[in-house]
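S.K.: Please arrange chains B and C on chain A, whose structure you already have, making use of the hints.
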Amino acid sequence: MEKPKENLFPKNWNLETLEDGRMVLNMGPSHPSMHGIVRLLLTVRGERVIDSDVEIGYLHRGFEKTCENITYNQCVPYTDRLNYVSPFINNVGYALAVEKLMGIESPARCQYIRVIMSELSRLTDHLTCIGANAMELGGFTVYFYLINAREALYRLTDSAAGGRVTPAYTRVGGLTRDLPPDFKLNAAEVLRTVRKNVADADKLLTRNRIFYDRLRGTGQISKEDAIALSFTGPALRSTGVPLDVRKATPYLVYDHFDFDIPVGSNGDNYDRYLVRMEEIKQSMLIVEQALAQLPEGPINHPDFNVSLPPKEEVYGNIEALMAHFKLTFEGVKPPKGEVYQAVEGGNGEVGFYIVSDGTGKPWRLRVRPPCFVLTAGLSKMIRGGYIADIVSTFGQVNMIGGELER
Amino acid sequence: MTTAANSYLLETLKDKFPAEVLATHAFRGDETAVIQKDSLAAVAAFLKGDLGFDFLMDLTAVDHSPREPRFELVCHFYSSKHNYRLRLKCALDSENPAAASLTPLWAGANWFEREAYDMFGIKFEGHPDLRRILMYDGFEGHPLRKDYPLKKRQPRIPHRD
Amino acid sequence: MGLETLFGHSYLTTRLDEAVNWGRKYSFFQYPFVTACCGMEFMSAWASTYDIARFGAEYPRFSPRQADVLFVVGTVNEKLAPVLKRVYDQMCEPKWVVAFGVCATSGGFYDNYATVQGIDKIIPVDIYIPGCPPRPEAVLDALIKLQEKVSKESVLDRKYR
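Residue numbers (my numbering), protein chains in the order written: chain A, 9 to 414; chain B, 1416 to 1576; chain C, 6 to 166.
One thing to keep in mind: the hints can contain errors.
[Claimed, not checked] Derived CB-CB ranges, DEER-like: (1) K344/A - F34/C: 51 to 61 Å; (2) P1570/B - E197/A: 31 to 41 Å; (3) G61/C - Y394/A: 15 to 25 Å; (4) L293/A - P1433/B: 45 to 55 Å; (5) D311/A - P1564/B: 51 to 61 Å; (6) R70/C - E1555/B: 27 to 37 Å; (7) F34/C - R53/A: 32 to 42 Å; (8) G392/A - W27/C: 51 to 61 Å; (9) K1496/B - E320/A: 30 to 40 Å.
[What the hints assert, rightly or not] Straight-line C-alpha distance at most 35 Å; calculated DSBU-like pairs for lysine-lysine: (10) K1538/B - K1561/B; (11) K1567/B - K1538/B; (12) K1567/B - K255/A; (13) K255/A - K1431/B; (14) K154/C - K100/C; (15) K211/A - K1561/B; (16) K1504/B - K192/A; (17) K231/A - K192/A; (18) K1567/B - K100/C; (19) K388/A - K319/A; (20) K1561/B - K1496/B; (21) K369/A - K1431/B; (22) K192/A - K344/A; (23) K1538/B - K341/A; (24) K1561/B - K341/A.
Note that these hints are calculated values from the structure, not bench results.
Think of the CB as a built atom: it goes at the ideal place given N, C-alpha and C, for glycine as much as any other residue.
So here's chain A without its partners, still in its complex pose (with noise of 0.2 Å):
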């Protein structure tokens, strides 16, 4: 006997279907492509999506509510894993936040490392990104070749830093650690290991039909609308915006070098793809330039009430010995007040805004996250394009949990 047609398919999908053709469909949040972890549920007509709704906080861990409790000092830990794939930048725009709040400057050789590390970082985030994105358009050997550059950068900074995705190398007034004596040595090697790889995926992707198919013009935004959604960083630089926080509002000693910022024009995936491969090589010759330049010196502030003396000095020195008890159970103080320090990011500005109220823990803490108005903006980037394409751009927004959902 012949079964009715209907009870083929059950009556409750997970699909819904609505009246007029389109469907509901869930995508994440534990889905191969949404690394980190982020829900899309989108309405398709067939492979087309029409509208999405983006659902965040599955990594909230309460990031600024945990640093009002804590000394400003202790924060920094907590900054790595805001955006975990170039956590020396964290350190950097923190570190330089509290300064600023307290009217310091850093030595000038703490400024060149600081330079130093946020490029390499810099480097880390689109070697990750990149690769991670040829990954999932099906350019496997391309991940394993930028994993291997990221892997030797992560090599150079655990030598200097002691840490490999989570350094924690930033204190308020200087660094943790000097760098190691053969740090220029090792960074010249890495960096030619960087470039072997670099143009080894340069060759694989750049001109490589399908990945160019599936990169030129999906996920394009214009430039009005990625400037009312506030996009910065690469995905503001792609559609032709010569935005840099490192040009337009130098911080450190970013002025002290010579290096451009490559922009785009279209606003699409192979743009923003573009821009990051770019950027790398412009961070490799930020990195040299400031190894060639760094000068000798010391790496803290001076001052005993901003960072901590010398194990010497607290050992035969009783204003030492109470500036090392103070800072370390009451922690730096800053006068009260507030202020927003941005710096240039992996994805885009970075900035610090701190509320003190005079005490040693922050009234305040807030990150103004680059890629959450990213992924605000990935409805408006993804409507329109086929289901698949949602895969690319994703890749490209860069989205990192950690800074997101802080």
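M.R.: For chains B and C alone, kept in the frame of chain A given last:
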């Protein structure tokens, strides 16, 4: 961060809104204008339309509990034309913390305002879709308020489709 | 479990165990439930330098129904907890769980209103990897420990689980 040459922008704002701008200061070079709550939309529209502040870089809130007025809405604007940053603040009371939404002016304000609503319970009038963003539906309270204990946990809710 | 349990505790079962466990421990199909920072080190462990493929566990399956090891890589918060439970429930027996990093193990230094203090509050865990995040060497060590654990199991063990 701020080029002194562009400080006239703040002066222009003060001249245009003499009653609404309550105070200005420039602590560590961050130029700030404190305005009346009701004039937020008008001031923001003037900043965007006439003074060329094209970016709303950040929008957040601060809980000054137990001080009254308790909340403070903080917006950071950036003008790429003048390369100039401006902070706008307005005080909100604890009874009914509400302000005008900036979404008609900047589409990017949407999620910032949702976050401020989620974390502080500030309502934005005219927001198209004001609901929680980081916490889940069914979460009670607003975690970044000072009276929400750091370690207060709520019963876990089952997964819903 | 199946027909093999009819043998009970006998010579045949122990022989069968050896064969089955040998097969299982060298062909883990993992489900990487990657949420946070630890994902970076998971990528490193998985890619060219550390090469997890040497242990027969290189192939991630992003469908829980095709996976036998659930790697929970990173922090799990209250909003995500029901999702993790759902993923675990969807996996077929035999299945093992690895808590990757201190956040998955115990919540790590995130002890506040949002985070779950270790995934063992939600699902059973076989191997814990310490570190914030663990180095790739630690991941490989954990994988070897899991292989040892699997090689001591019996086909009878999972009868009632």
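S.K.: Against the earlier hints, flag every one the structure doesn't satisfy and list their numbers going up.
M.R.: The structure conflicts with hints 2, 3, 5, 9, 12, 15, 16, 17, 19, 20, 21 and 22, although it agrees with all the remaining ones.
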